[in-house]
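Student: Go by the hints and put chain B onto chain Z.
Below, each chain spelled out in residue letters.
Number of protein chains: 2
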Amino acid sequence: MERLCQTAGVSKRSMYQLFATKDDLVAESLRVHGPAIVTGYFPASDAELSPRERIRYVFERLDEQSGTPGFYGCPFVNTAVETRDPDHPAAAVARAFKDQLTAYFATHAKTAGAGDPEGLAVQLTMVFDGAAVRAVMRGTTLDGAATRTADALLAAAGVQ
Amino acid sequence: MERLCQTAGVSKRSMYQLFATKDDLVAESLRVHGPAIVTGYFPASDAELSPRERIRYVFERLDEQSGTPGFYGCPFVNTAVETRDPDHPAAAVARAFKDQLTAYFATHAKTAGAGDPEGLAVQLTMVFDGAAVRAVMRGTTLDGAATRTADALLAAAGVQ
Chain Z
1 MERLCQTAGV SKRSMYQLFA TKDDLVAESL RVHGPAIVTG YFPASDAELS PRERIRYVFE
61 RLDEQSGTPG FYGCPFVNTA VETRDPDHPA AAVARAFKDQ LTAYFATHAK TAGAGDPEGL
121 AVQLTMVFDG AAVRAVMRGT TLDGAATRTA DALLAAAGVQ
Chain B
161 MERLCQTAGV SKRSMYQLFA TKDDLVAESL RVHGPAIVTG YFPASDAELS PRERIRYVFE
221 RLDEQSGTPG FYGCPFVNTA VETRDPDHPA AAVARAFKDQ LTAYFATHAK TAGAGDPEGL
281 AVQLTMVFDG AAVRAVMRGT TLDGAATRTA DALLAAAGVQ
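Chains as they are written, first to last, in this note's numbering: chain Z, 1 to 160; chain B, 161 to 320.
One or more of the hints may lead you astray.
[What the hints assert, rightly or not] Selected chain Z positions facing chain B (Cβ under 7 Å, derived; list incomplete):
no., residue
1, Val10
2, Pro86
3, His88
4, Gly130
[To be verified] Beyond 12 Å from chain B on every Cβ pair, some chain Z residues (computed):
no., residue
5, Met1
6, Lys12
7, Ala36
[To be verified] To give an idea of the chain Z side of the interface with chain B (calculated C-beta under 8 Å), a few residues:
no., residue
8, Met15
9, Leu18
10, Asn78
11, Arg95
12, Ala96
13, Asp129
14, Val133
Simulated from the structure, these hints should not be mistaken for laboratory data. Quick reminder that beta carbons are idealized off the backbone N, C-alpha and C, glycines included.
Bound conformation, chain Z alone (with noise of 0.2 Å):
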């Protein structure tokens, strides 16, 4: 707390009329922050891309993003874990985060015909989050991996 009021240059009293709590802080910044990062993940809406292309798109951009400076993985995961605790205002921010994904897989799983796209949109999330811990536990590029694993999840649920 000291050294984030010492860089903002505001006094601790000035920060906390601002932010109640630390933990409402730490949610306010993932709240502000957090659009710009899924942006880059999400193809834009008029590009020419069929629903498969576009959730692998996603993984493509973290096998991408894997192994370069200064990434450090899914910041709504790295939050949520570091709290360990569901009821944190972060942890909520997180997961709404992670919903928007999830329902973007659904939706483009369902119109490329899978049986049960939310079933598959939660698997694939799980794939995201666990490529993204991978990359940030071994600090080297993912290889492509993301998107295999996306591929054989897409394959066995019969989704071209």
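Tutor: Coordinates of chain B only, in the frame set by chain Z:
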């Protein structure tokens, strides 16, 4: 560090005589407690299980554990994510335990006749980690999602 010394009933001086840095202490804690955690996810070596069942066993335990009180996901993932530094001594310990899980998957995937057992093992490890993260973020049961995802990957890899 203060709370740790208080709980352990030792002086800071003694603590730093045992562990040169706080990082070393975290790494050592993971090294000491890791094996017992791993053991809970593996079947007995003389259990009458097929290679495929041995792989599924790990995910069934994770599904079971998720949502139970005191379950905080995978301590290796959590520690590595918190350090956000692959060069941290605790991250190295975390990776070693994770590699043990991947090797277990690879061994049984190979016996089960998977075309690319090492690749499949990495995919299964990512699913394990992603499922563990999901359970931590939500604080609820995975409701079988980890095992279902493993089943889909095993099917895609032609493992019966």
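Student: Where does the structure disagree with the numbered hints, that is, which hint numbers, in rising order?
Tutor: Violated hints: 1, 3, 8, 9 and 12; rest satisfied.
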